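A.B. asks: If you're matching them up, the sequences are chains S, Y and U in order. For the first sequence, full-length UniProt numbering assigns the number 1 to the initial residue and increments by one for each residue that follows. For the second sequence, full-length UniProt numbering assigns the number 1 to the initial residue and increments by one for each residue that follows. For the third sequence, full-length UniProt numbering assigns the number 1 to the initial residue and increments by one for each residue that follows.
Hints may contain errors.
To be verified - Residues of chain S placed beyond 10 Å of chain U at every Cβ, according to the derived structure:
id	residue
1	F6
2	Q17
3	S28
4	N30
5	I34
6	P51
7	E80
8	F84
9	V100
10	D145
11	A152
What the hints assert, rightly or not - A partial selection of chain U residues facing chain S, derived with a Cβ cut-off under 8 Å:
id	residue
12	V63
13	E64
14	T72
I should point out that these hints are in silico values taken from the structure, not numbers from a laboratory. Nothing here was measured: the structure is a model prediction, and the numbers come from that model. Note that the Cβ used here is the ideal one computed from N, Cα and C, for glycine as well.
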Amino acid sequence: MIQSLFILNRSGGLIYQHDLNDGLNKLSANEHLILAGTIHGVFAIASKLTPTAVKVSAQPRAQSQGSAVNGNTSGLKSIETDKFSMYIFQTLTGVKFLLVTDPAQGDLNSGCDTAENVLRKIYALYADYVMKNPFYEIDMPIRVDLFDRKIAELVKAL
Amino acid sequence: MSYYLALIGTTDNPIYEAEMGTYRQGGDGVPKFSAEMKELNPFIVHAAIDIVEDVQWRSNSLYLKAVDEFYGYYISAFVTPGNIKFLLLHETKNDESIRQFFNDVNDLYVKTVLNPFYNVNDPITSAVFDLKVKQLGKKYL
Amino acid sequence: MNKGIKASSDDIWKNRVDKVNAELFTLTYGSVVAQLVRDFKNDYQKVNQQLEKMGYNIGIRLVEDFLAKTGTGRCQSFKDTAEVVSKVGFKVFLNVTPQVTNWTSDGKTFSLILDENPLAEFVELPDDERAKKELWYSNVLTGVLKGALEMVQLEVDVNFVSDVLRGDDRTELRLQLIRFLKDEMPAGED
Chain S
1 MIQSLFILNR
11 SGGLIYQHDL
21 NDGLNKLSAN
31 EHLILAGTIH
41 GVFAIASKLT
51 PTAVKVSAQP
61 RAQSQGSAVN
71 GNTSGLKSIE
81 TDKFSMYIFQ
91 TLTGVKFLLV
101 TDPAQGDLNS
111 GCDTAENVLR
121 KIYALYADYV
131 MKNPFYEIDM
141 PIRVDLFDRK
151 IAELVKAL
Chain Y
1 MSYYLALIGT
11 TDNPIYEAEM
21 GTYRQGGDGV
31 PKFSAEMKEL
41 NPFIVHAAID
51 IVEDVQWRSN
61 SLYLKAVDEF
71 YGYYISAFVT
81 PGNIKFLLLH
91 ETKNDESIRQ
101 FFNDVNDLYV
111 KTVLNPFYNV
121 NDPITSAVFD
131 LKVKQLGKKY
141 L
Chain U
1 MNKGIKASSD
11 DIWKNRVDKV
21 NAELFTLTYG
31 SVVAQLVRDF
41 KNDYQKVNQQ
51 LEKMGYNIGI
61 RLVEDFLAKT
71 GTGRCQSFKD
81 TAEVVSKVGF
91 KVFLNVTPQV
101 TNWTSDGKTF
111 SLILDENPLA
121 EFVELPDDER
131 AKKELWYSNV
141 LTGVLKGALE
151 MVQLEVDVNF
161 VSDVLRGDDR
171 TELRLQLIRF
181 LKDEMPAGED
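Just need the whole structure built from these sequences, with the hints factored in.
C.D. replies: Structure, rendered in structure tokens:
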């Protein structure tokens, strides 16, 4: 069950936030910004802490399934708690997609893989409906109705 | 035998002209119009425009065959859907090969129009167009 | 690896790319260039600049589509980049694969030779002498390449050096790597 989606631009600014579960208590816009900023910082710190051995084993699998490669090889990949999980996907251009979901069931890796598939699909939607919108300015907040709807459709269809 | 081809724009303005000679029966492809015929050609063709405008509405094909005659010279016409007239002055009747010639010239004309820097009714100055038309003349006339 | 690239970009071209009528595409680009020429009163240098800017704006957007659709990973060297630009980028967006050649010995500059240029079909440059010397008709491509590569942290200089439209015997783009934008490299990659 997907709870929420965040998109961070290259410099760590929050450009999109979408709650996908109506039953949740909402955070304020300010809290969203703080959360995004924190994740961005923690992500960068984590990438400095990652042991080389892990980096090597996590080389991006080029051409995997013919869809977007996760450039996130040594940063923070996921956060597991009792109440929720969070997955991070970073494109080669530096845009981060954050997915907040219900806690992973069973095997943690399988949770990561499924989340990554969803994130890839979201990236494709972002490429189509945000980047190809000629009036969208890069690095600015995303206010595109069609993108909202497509995300909602994608999540509903899961 | 010699041929004179003129393309006429929508306001009766000439946009292209060429003289060609025949390659059939050992022709050398050089036009052999006499000096006074050279000067007369544009007038003969121009005079045929009125007849073309008359005939074009009575035919549903683009090729109108020979529409006019002037002291042994025939004028065949072809009108594109965009009302550009192709007129050919020739000495012997040969409907079929002239039809093919016009069709291929039309293809070349369409390509010219597709050039973003060409506007309808501009004179066609492209050397490539000229060369290709002359190649078609060699093939069909 | 090269074979793999070709097969997968063929597959993407065949199955995952929406196609548009080639004439419509060519005419659309042609009318843009012709209108720019008119608007700038035949100042071809300005037209070149404008086309490059338009291309840049296309490039920085298109790169996301490219990455999302093709799943290309980070290139390990500029040589890899050249291969990917030609065999995946040009293939997927224009269905042509320019030759990569003329490397300088420092491996920082190469040429793309376009045997076919879908932008320039039917085109003959205006015959006012200057156009054939000054206008780079397909200059939008230089901008696209610059924009797209900049988004993946490669600063490059791209220029046309010859164009069959000008009467040259081939159409050649020259790409020079200026530097890797290390500071902009996203954290979390090596």
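A.B. asks: Give a verdict on every hint.
C.D. replies: Now for the hints, and whether the structure bears them out:
1. F6: F6(S) is indeed farther than 10 Å from all Cβ atoms of chain U, at 16 Å.
2. Q17: Since the minimum Cβ distance to chain U is about 19 Å, Q17(S) lies beyond 10 Å and the statement holds.
3. S28: Given that every Cβ of chain U is farther than 10 Å from that of S28(S), nearest at about 27 Å, it holds.
4. N30: The claim stands: N30(S) keeps its Cβ more than 10 Å from every Cβ of chain U (closest is about 24 Å).
5. I34: 19 Å, holds
6. P51: 12 Å, holds
7. E80: Per Cβ check, E80(S) is outside 10 Å of chain U; nearest 18 Å; holds.
8. F84: 21 Å, holds
9. V100: Fine: 19 Å to the nearest Cβ keeps V100(S) off the interface.
10. D145: 19 Å, holds
11. A152: Its Cβ never comes within 10 Å of chain U, the nearest being 19 Å, so this holds.
12. V63: 6 Å, holds
13. E64: Nearest chain S Cβ about 4 Å off; hint holds.
14. T72: 7 Å, holds
Of the numbered hints stated above, none is contradicted by the structure.
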